Amino acid sequence: MARSNSTSVSSTKKRPVRKSKSKRALRSATTSDPHELYELSVQCTDAECDFIERAWKQTGRAALPSSLREDFCGTAIASCAWVRRRNGNAAIGVDLDPEVLRWGEKRHWSTLTPTERSRLSVHCADVLTADLPQVDVLVAMNFSYFIFRERAAMLAYFKRAYANVRPGGLMLCDAYGGSESHSEQEEERHLDGFTYVWDQHHYNPISSHVVNYIHFRFPDGTELRRAFAYHWRLWSLTELQELLKEAGFAKVTVWWEGTDKRTSSGNGVFRPTTKGEACTGWIAYLVAEKAEAPKRARAKKSKGRILSA
0 MARSNSTSVS
10 STKKRPVRKS
20 KSKRALRSAT
30 TSDPHELYEL
40 SVQCTDAECD
50 FIERAWKQTG
60 RAALPSSLRE
70 DFCGTAIASC
80 AWVRRRNGNA
90 AIGVDLDPEV
100 LRWGEKRHWS
110 TLTPTERSRL
120 SVHCADVLTA
130 DLPQVDVLVA
140 MNFSYFIFRE
150 RAAMLAYFKR
160 AYANVRPGGL
170 MLCDAYGGSE
180 SHSEQEEERH
190 LDGFTYVWDQ
200 HHYNPISSHV
210 VNYIHFRFPD
220 GTELRRAFAY
230 HWRLWSLTEL
240 QELLKEAGFA
250 KVTVWWEGTD
260 KRTSSGNGVF
270 RPTTKGEACT
280 GWIAYLVAEK
290 AEAPKRARAK
300 KSKGRILSA
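With the first letter of the sequence shown counted as 1, position 149 gets the number 148 in numbering that gives the first Met the number 0; the numbers rise by one all the way through.
Calculated from the structure, these hints are not laboratory results. Being a predicted model, the structure only gives us computed values, none of them experimental. Accuracy of the hints is not assured; some may be wrong.
Unchecked claim - Below 30 angstroms or equal to it, Euclidean Cα-Cα: the simulated DSSO-like pairs (lysine-lysine) are: (1) K158 to K56; (2) K158 to K274; (3) K158 to K250; (4) K105 to K294; (5) K244 to K158; (6) K274 to K294; (7) K260 to K56; (8) K294 to K250; (9) K294 to K158; (10) K274 to K260; (11) K56 to K274; (12) K274 to K244; (13) K56 to K250; (14) K56 to K294; (15) K294 to K244.
As the list claims (entries may be wrong) - Here are the simulated distance ranges between beta carbons: (16) R148 to S182: 14 to 22 angstroms; (17) R148 to E276: 37 to 45 angstroms; (18) S182 to T237: 15 to 23 angstroms; (19) S207 to G275: 35 to 43 angstroms; (20) L111 to E241: 18 to 26 angstroms; (21) K250 to G220: 47 to 55 angstroms.
Each residue gets a CB set at the ideal place from its N, CA and C atoms; glycine is no exception.
Using the sequences and the hints given, assemble the complete structure.
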C-alpha cells in the first residue's frame, strides 16, 4: 500500500522505506516478483517494531511487550522481524490469502532459526473469526483494515481486535489522509531498478469509497499493472477514534509526524498530539489502549465484620 513517501498519500510526510540489499540494474516485469517489489517499496519492519516499543513505553506500561498479532499479515515479514528482535518475543500472523502466505513461508519463515520459528504462528483465517490467544499488541498496518467500508463492519472488527488484546495491551494501526488523498491521480517513486506507482484511481466523495492500485514500471519499458488492488473506504481520524472507543478501548491517541523545516517533508518522528497540520497528505498512527483488568477485592476481617479492601 502507499506510504508517506508517495506524494499522493503524503507529499509532506515521509516514513523510512526498506532498502534493497542487492542492486538489480536490469529488473523487468517478466523477471520480477510483485511481493518482493511490494516489500522493497512499502515496508520498513524495523521502524514499525521500534514504534511499537516506543508507543508501549509512552503509555507507561511496565517492561516491553512480547506477544504480537499482525492482522492482514501478508507475507508475515513484520511478524518474522518481531520474533527476531528479542528472545522470548512471539508473533501471530493472520491473513486470508493462502498464496501470499506460502510466498512468505518460503521467503521469510524459512530463514528463522528453529527457536525463532517455534515462536511464530501464521494462520490462513479471517481476522473477524480467528480464535487465537490474546496478545500484548495487535497491529493492522498499511491501511489494510480500510477494507471494512461500512461503519458496522469496522466496529465489528475493532470489537474483535479488542477481544484479542490482553488487558493492559494495545492496538496499533495507521491511517492516511489530506487534501490530495481525494484526488484521482498517479504518483511515481523511483527505487532501485524499478518505479513504484501509487494510483489513486477512483474516489467517491459521497461514500468515501476509494479504488487504489499499485503498478511497477521498469527501465526496459515493461510494467506490472495493477499488481495490487485496494477497494477501501477513506476513513477519517475522527471516525476511527470514535469507533475504537465504542469498541471498548479506554483511550485512543493519535501520533502525528513532525515536519523537517528544511525540506518541508516529514521527519520520520511521530509524537502523540491532539493537533495536526492541514497537510496535502499525511500519515498518522492510532494507539488504542485496553484497560488493565480490575484487581480482585481482598476480604479483610475487622472486629468480626468482613470488609472489602
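- Message: Hint compliance check: list the failing hint numbers for this structure, sorted ascending.
- Response: Per hint list: 4, 6, 17, 19, 20 violated.
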